[in-house]
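Build the full structure now, drawing on both the sequences and the hints.
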Amino acid sequence: MQNPIQKKDILTIRIPEKSQKKLDEYKKSIDAVKKYVKAEIEFQGKVYDCELRLHGSDNRNWTGFQTSYRIKLDKEGDFINHGRNFQLIKLDEANSPILAANKLARNYNLISSYGQLVAVNENGADKGIYYMTEAIDKTFLEREFGITNYTEIVNTNDWTRKEGSRHNTDLDLYYGHIEADKGSPFRRALYQFKLMVESEDPTEDFFDKEYLARFFSIFPLFNDMGFIVGDNMKLIYNFDNGKFYPIFRIEYWGQEPGESLTFWDSFGRKEVSRMNNLVFSSHADEYENCETAKLFKKLLSNNEVRYMRDTMLFNMYGNREEVLGILSTAYEESRPLLYHATIDQYRKISSEEQKQHHVVSYLLEYFQHYLRYGHVYGSYDKSQDRLELHLDSYVPMSVIDTVRKNILVKHWTGILFDQNLNHQYNRFVLNEVLDTLDVDDLIFVNEVTNDTIPSKHVHINRISSKGRFRKKDASDMEFLSKHSIKYEIHGDSLVILPGKYKIDRNNVLVAFNIICVKPGVEFKFEKNSNLYAECEALYMNGTKEKPVLFTGSDEPFGNVSFKGRGTNATFQIANIIVEKGSFSRWLGRATSGQFSIFNAVVHLSNSIFRNSHGDDGLNLKFCKAEIRDCQFYLNNADQVDLDFCIAKVFDCSFRPSGIDANGDGLDFSGSYAFVSGCNFEGFEDKSMSVGERSLVFVEDNTFKSNNWSICAKDQSNVYANNNAFEDNAVNYIGYVKKNMFASPTIFGDDESVKLSDTLQCNYSTWTADQLNAKLEKFHSSYESFDVAPGLNHKQYMDHLILKELIP
1 MQNPIQKKDI
11 LTIRIPEKSQ
21 KKLDEYKKSI
31 DAVKKYVKAE
41 IEFQGKVYDC
51 ELRLHGSDNR
61 NWTGFQTSYR
71 IKLDKEGDFI
81 NHGRNFQLIK
91 LDEANSPILA
101 ANKLARNYNL
111 ISSYGQLVAV
121 NENGADKGIY
131 YMTEAIDKTF
141 LEREFGITNY
151 TEIVNTNDWT
161 RKEGSRHNTD
171 LDLYYGHIEA
181 DKGSPFRRAL
191 YQFKLMVESE
201 DPTEDFFDKE
211 YLARFFSIFP
221 LFNDMGFIVG
231 DNMKLIYNFD
241 NGKFYPIFRI
251 EYWGQEPGES
261 LTFWDSFGRK
271 EVSRMNNLVF
281 SSHADEYENC
291 ETAKLFKKLL
301 SNNEVRYMRD
311 TMLFNMYGNR
321 EEVLGILSTA
331 YEESRPLLYH
341 ATIDQYRKIS
351 SEEQKQHHVV
361 SYLLEYFQHY
371 LRYGHVYGSY
381 DKSQDRLELH
391 LDSYVPMSVI
401 DTVRKNILVK
411 HWTGILFDQN
421 LNHQYNRFVL
431 NEVLDTLDVD
441 DLIFVNEVTN
451 DTIPSKHVHI
461 NRISSKGRFR
471 KKDASDMEFL
481 SKHSIKYEIH
491 GDSLVILPGK
501 YKIDRNNVLV
511 AFNIICVKPG
521 VEFKFEKNSN
531 LYAECEALYM
541 NGTKEKPVLF
551 TGSDEPFGNV
561 SFKGRGTNAT
571 FQIANIIVEK
581 GSFSRWLGRA
591 TSGQFSIFNA
601 VVHLSNSIFR
611 NSHGDDGLNL
621 KFCKAEIRDC
631 QFYLNNADQV
641 DLDFCIAKVF
651 DCSFRPSGID
661 ANGDGLDFSG
671 SYAFVSGCNF
681 EGFEDKSMSV
691 GERSLVFVED
701 NTFKSNNWSI
711 CAKDQSNVYA
721 NNNAFEDNAV
731 NYIGYVKKNM
741 FASPTIFGDD
751 ESVKLSDTLQ
761 CNYSTWTADQ
771 LNAKLEKFHS
781 SYESFDVAPG
791 LNHKQYMDHL
801 ILKELIP
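Going by the numbering used here, the sequence shown opens with residue 1, and the numbers climb by one from there.
Derived from the structure by calculation, the hints contain no laboratory data. The reader is advised that the hints may include incorrect statements.
To be verified - Result set (SDA-like, lysine to any residue): computed pairs, CA atoms no more than 20 Å apart in a straight line:
no.: 1; residue 1: Lys410; residue 2: Arg347
no.: 2; residue 1: Lys21; residue 2: Asn81
no.: 3; residue 1: Lys234; residue 2: Glu291
no.: 4; residue 1: Lys7; residue 2: Lys35
no.: 5; residue 1: Lys38; residue 2: Gln116
no.: 6; residue 1: Lys22; residue 2: Gln66
no.: 7; residue 1: Lys500; residue 2: Asn513
no.: 8; residue 1: Lys294; residue 2: Glu204
no.: 9; residue 1: Lys28; residue 2: Lys7
no.: 10; residue 1: Lys234; residue 2: Arg106
no.: 11; residue 1: Lys8; residue 2: Val510
no.: 12; residue 1: Lys35; residue 2: Ser19
no.: 13; residue 1: Lys138; residue 2: Asn81
no.: 14; residue 1: Lys127; residue 2: Glu51
no.: 15; residue 1: Lys297; residue 2: Glu204
no.: 16; residue 1: Lys294; residue 2: Thr139
no.: 17; residue 1: Lys7; residue 2: Ala119
no.: 18; residue 1: Lys486; residue 2: Val510
no.: 19; residue 1: Lys737; residue 2: Tyr763
no.: 20; residue 1: Lys72; residue 2: Gln6
no.: 21; residue 1: Lys456; residue 2: Asp401
no.: 22; residue 1: Lys194; residue 2: Phe206
no.: 23; residue 1: Lys648; residue 2: Lys737
no.: 24; residue 1: Lys127; residue 2: Phe206
no.: 25; residue 1: Lys27; residue 2: Gly64
no.: 26; residue 1: Lys194; residue 2: Asp170
no.: 27; residue 1: Lys382; residue 2: Arg427
Said to hold, decoys possible - Each pair of labels, with its calculated beta carbon distance range:
no.: 28; residue 1: Glu200; residue 2: Asn123; range: 37 to 45 Å
no.: 29; residue 1: Glu200; residue 2: Gln20; range: 47 to 55 Å
no.: 30; residue 1: Asn762; residue 2: Gly183; range: 32 to 40 Å
Beta carbons: idealized from backbone N, C-alpha and C, even for Gly.
Quick look at the structure:
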C-alpha cells in the first residue's frame with residue numbers, strides 16, 4: 001500500500017461499555033449534551049486516561065459514521081504536546097484549510113489554536129481521518145500568552161430559542177445573554193462587558209489596540225465572518241490588564257467573493273471603497289447587521305487600530321510569499337493522511353485548499369490597492385493666507401513643502417469611518433504659516449506605503465476673497481481638587497508640588513501626557529483606596545532628604561498603578577518609599593501587590609518597597625526596566641515580581657517578611673534579565689525564582705541563609721557566574737512545576753553547580769568567552785528593545801532575544 005498511515009498519526013480511543021451506552025443515549029439529542037464519560041486514548045506510544053463528550057452545537061457532529069468529541073485528559077496524567085484538552089472533529093466539519101487558516105492566525109500571535117490530522121481507531125474500528133486540535137483553555141493561554149487570570153465571554157447557544165439554529169439573536173450583546181459562570185471573577189468580567197458594549201469607543205479602554213490590529217489584518221483574508229457571529233464569538237477577558245481579546249477560530253476554509261464583490265468598476269479599475277465592509281458581507285445579508293458584527297465594525301472604526309491594521313496588511317503583501325507559504329505548508333503536512341480519506345472527501349478538501357490559496361492571494365492584492373489609493377482636493381486663498389485640503393485617502397498622509405523641507409501636516413487621514421463603517425470626510429485648514437508658500441512645491445506622502453501621490457491626482461484650486469489649553473478629564477481634576485493637591489499645569493504636563501495629601505477614594509489620573517511628582521510629596525491612602533495613572537512620561541524623583549512617599553493609614557490601602565501610554569513610555573523614578581499597600585480589583589483589573597507598573601521603560605533607583613500586605617512589594621508587567629540600589633523587605637509574599645519584562649537589576653537587597661513561607665525574593669515569569677551585585681538573605685522558600693520560559697543571567701550576587709537560593713522552573717534558563725553562597729539549604733535547584741513546559745536548564749562556569757545533589761534539571765557549563773558573548777548579545781538587545789503595548793510584548797522579546805541566547 002502506498003503512503004501507509006504512520007503509527008505516530010493513529011489515535012486509538014477505547015470507550016468502556018458503560019460509557020458507550022451513555023454516549024449512545026446522548027447522541028439521540030438534536031442539541032449539544034455537555035456530559036463527559038470515562039474513556040482511554042492511546043497516541044504516539046502513550047496511554048492516557050481521559051473523559052470525553054460529544055463535540056459541537058448540533059447533531060450534525062455526532063450522526064453518521066464519524067463522531068466529533070471533546071477530550072479532557074486526566075489531571076494527574078501526562079500531557080499531549082504540553083496540552084490537556086482537545087477537540088477531535090470529524091473530517092467533514094474540519095480539515096486542512098481550517099488548520100491552515102488558524103495556523104496563519106497563530107503565526108501572527110492571535111489567540112488561535114491549530115492542530116493536525118489523525119487517523120482514529122475507536123473500540124477496534126477504523127473511523128477514518130479526524131482533525132485534532134488543542135482547546136483554548138487555561139493551559140493553552142498560560143503557556144502561549146502568559147494569561148493566567150481570565151474569564152471567557154460567550155453567548156448562550158440554546159437553539160430552542162425563537163431564532164432556531166441561527167447563530168445570532170438580537171440579544172447577543174446583552175449581558176444577560178452571556179453563558180453564565182458562578183464564580184466572582186466572571187461577575188466582574190461581565191460588568192466590564194456591559195460597560196464595553198455601552199461605550200462609545202470601546203477600543204480606548206477595553207481592548208488591546210495592537211492585538212485588534214493583528215486580528216483585523218488576518219480576519220478579512222478568508223472573507224468569512226462566521227466565527228464572530230452570535231454564539232460563535234468568544235472573547236477572553238484578561239484581569240491583569242483589563243482588556244478583552246477576541247479568539248480567532250475560523251471554522252470554514254473561507255468564502256469566495258461573489259459576482260457583486262469582484263472589486264472592478266465598469267472601466268476595469270479596482271473599486272476599493274467597500275474594502276472595510278467586505279468581510280462583513282461574506283454571508284450576503286444573513287449576518288452583516290447582526291449585533292456582534294456591529295461591535296466589530298465599531299472596533300474597526302477606531303482610527304489608530306485601522307492605521308496599525310493597514311500597516312500590517314501592507315507588510316503582509318510585501319511578504320505574501322511567506323504568508324501563502326504558511327498555508328501551503330499546512331496543506332502538504334496534511335496530505336499523507338488525506339490520501340486515506342474517501343475519494344469525495346479528498347476531492348472536496350483539495351478543491352477548498354486551492355480556493356483558499358487563491359482567495360487569500362487575490363485579497364492581499366486587492367487590499368494593497370486600497371492602501372495605495374490617494375487623491376488630493378483643495379483650495380488655496382493667498383489673500384487670506386489659507387490652505388484648505390481634503391486628503392482623499394484611507395491611510396494617513398503627510399504634507400511636505402519640498403523647497404523649505406518643512407512638514408506642514410503629519411499623520412492626517414482624510415477618510416474616516418463611523419461605527420457602521422460608512423465614510424466620513426475629514427478636511428483641514430492651514431492659516432498664517434503660508435506667507436511665501438507655493439502650493440506647487442507641496443507633495444503628499446502616503447505614510448503606510450511611503451508613496452508620493454502622483455501630481456495628476458492632486459487638484460488644488462486657487463481662490464481669492466478680498467498656547468492651546470486642553471480641557472482636562474473631570475476625574476483627573478476631581479482627584480486634584482478633592483484631595484487639596486497643589487499642582488501646576490503646563491500644556492499637557494501635570495506637576496504635583498510638595499505637600500502631604502490624604503487620599504480617601506479610588507482615583508484615576510489619565511488626562512495628562514506627562515506627570516511630574518516633586519520631592520517631598522507624601523500620599524497617605526485610606527483603607528482600600530487606589531490610584532491608577534496613565535501617561536507617556538513619568539518623572540518621580542525624590543531626594544534622600546525628601547523622598548516621595550506612598551503610605552497607608554492604620555489599615556492597608558489598595559494599589560498604586562502606573563501604565564505607560566503608547567510605545568516606549570518612559571518612567572524615571574528615584575528615592576521613593578512605598579509601604580502599607582496590598583492589592584486591588586478595580587477598573588476591571590486585578591493587581592497582586594501594592595505598587596504596579598505596566599508597559600513602560602522604567603528607570604528605578606534608590607527606593608524602598610516594604611510592608612506590603614499583598615502578594616508583591618513591587619510588580620512590573622510588560623516593561624523594560626533598570627532597577628538599581630533599591631531595598632525590598634518585609635513584603636508579605638514576593639518582594640519583587642517581574643512578569644514578561646526585559647530587565648537589569650543591580651545592587652539591590654531582598655529580605656522576606658516571614659509571614660508567607662512561600663514568598664520569593666525576586667520572581668521572574670516569562671522574562672529576560674541580568675541580575676548583579678544583589679543580596680538575598682533569609683528566605684524560607686526561594687530567594688530567586690526563574691519560571692515560565694524566563695532567561696536570567698545571575699552574576700556576582702550573594703545568597704545567605706536561604707532555603708533554595710536559585711530556582712529554575714518550567715523551560716527557563718539560568719546563567720550562573722561567580723555568585724557567593726553562605727549557609728543555604730540548597731544553592732541551585734530546578735524542576736518542572738507546570739507540565740505544559742519542558743525542563744529548565746542551568747548553565748554554570750564550573751562543575752560546582754553540577755555537583756549539587758538537589759539539581760533536578762538540565763545542566764551545562766560555559767567558558768568565560770561563551771558567557772561573555774551571550775551577555776553582550778543580551779545587553780545589545782536590551783538597548784534596542786522597544787516596549788510594545790499589549791499582549792504581544794512577550795512575542796517581541798522572544799523574537800529579539802530567545803533564538804540568539806538559547807543554544
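Status of the hints after comparison with the structure:
1. Lys410 / Arg347: violated (52 Å)
2. Lys21 / Asn81: Distance of about 31 Å is beyond 20 Å: violated.
3. Lys234 / Glu291: holds (14 Å)
4. Lys7 / Lys35: violated (30 Å)
5. Lys38 / Gln116: violated (24 Å)
6. Lys22 / Gln66: holds (17 Å)
7. Lys500 / Asn513: violated (24 Å)
8. Lys294 / Glu204: Roughly 17 Å between the alpha carbons, so the hint for Lys294 and Glu204 holds.
9. Lys28 / Lys7: Distance of about 33 Å is beyond 20 Å: violated.
10. Lys234 / Arg106: The hint holds at about 16 Å.
11. Lys8 / Val510: Cα-Cα ~55 Å, so violated.
12. Lys35 / Ser19: holds (11 Å)
13. Lys138 / Asn81: Roughly 15 Å between the alpha carbons, so the hint for Lys138 and Asn81 holds.
14. Lys127 / Glu51: Satisfied, since the Cα-Cα distance of roughly 19 Å is no more than 20 Å.
15. Lys297 / Glu204: holds (15 Å)
16. Lys294 / Thr139: Cα-Cα ~32 Å, so violated.
17. Lys7 / Ala119: With a Cα-Cα distance of about 9 Å, the restraint between Lys7 and Ala119 holds, given a limit of 20 Å.
18. Lys486 / Val510: At roughly 17 Å apart (the allowed maximum being 20 Å), Val510 and Lys486 satisfy the hint.
19. Lys737 / Tyr763: holds (18 Å)
20. Lys72 / Gln6: violated (24 Å)
21. Lys456 / Asp401: At roughly 18 Å apart (the allowed maximum being 20 Å), Asp401 and Lys456 satisfy the hint.
22. Lys194 / Phe206: Distance of about 11 Å is within 20 Å: holds.
23. Lys648 / Lys737: Cα-Cα ~25 Å, so violated.
24. Lys127 / Phe206: violated (45 Å)
25. Lys27 / Gly64: holds (11 Å)
26. Lys194 / Asp170: Holds. Lys194 to Asp170 sits at ~15 Å (cutoff 20 Å).
27. Lys382 / Arg427: Distance of about 18 Å is within 20 Å: holds.
28. Glu200 / Asn123: 37 to 45 Å: Hint violated: Cβ distance 56 Å, outside 37 to 45 Å.
29. Glu200 / Gln20: 47 to 55 Å: holds (54 Å)
30. Asn762 / Gly183: 32 to 40 Å: holds (38 Å)
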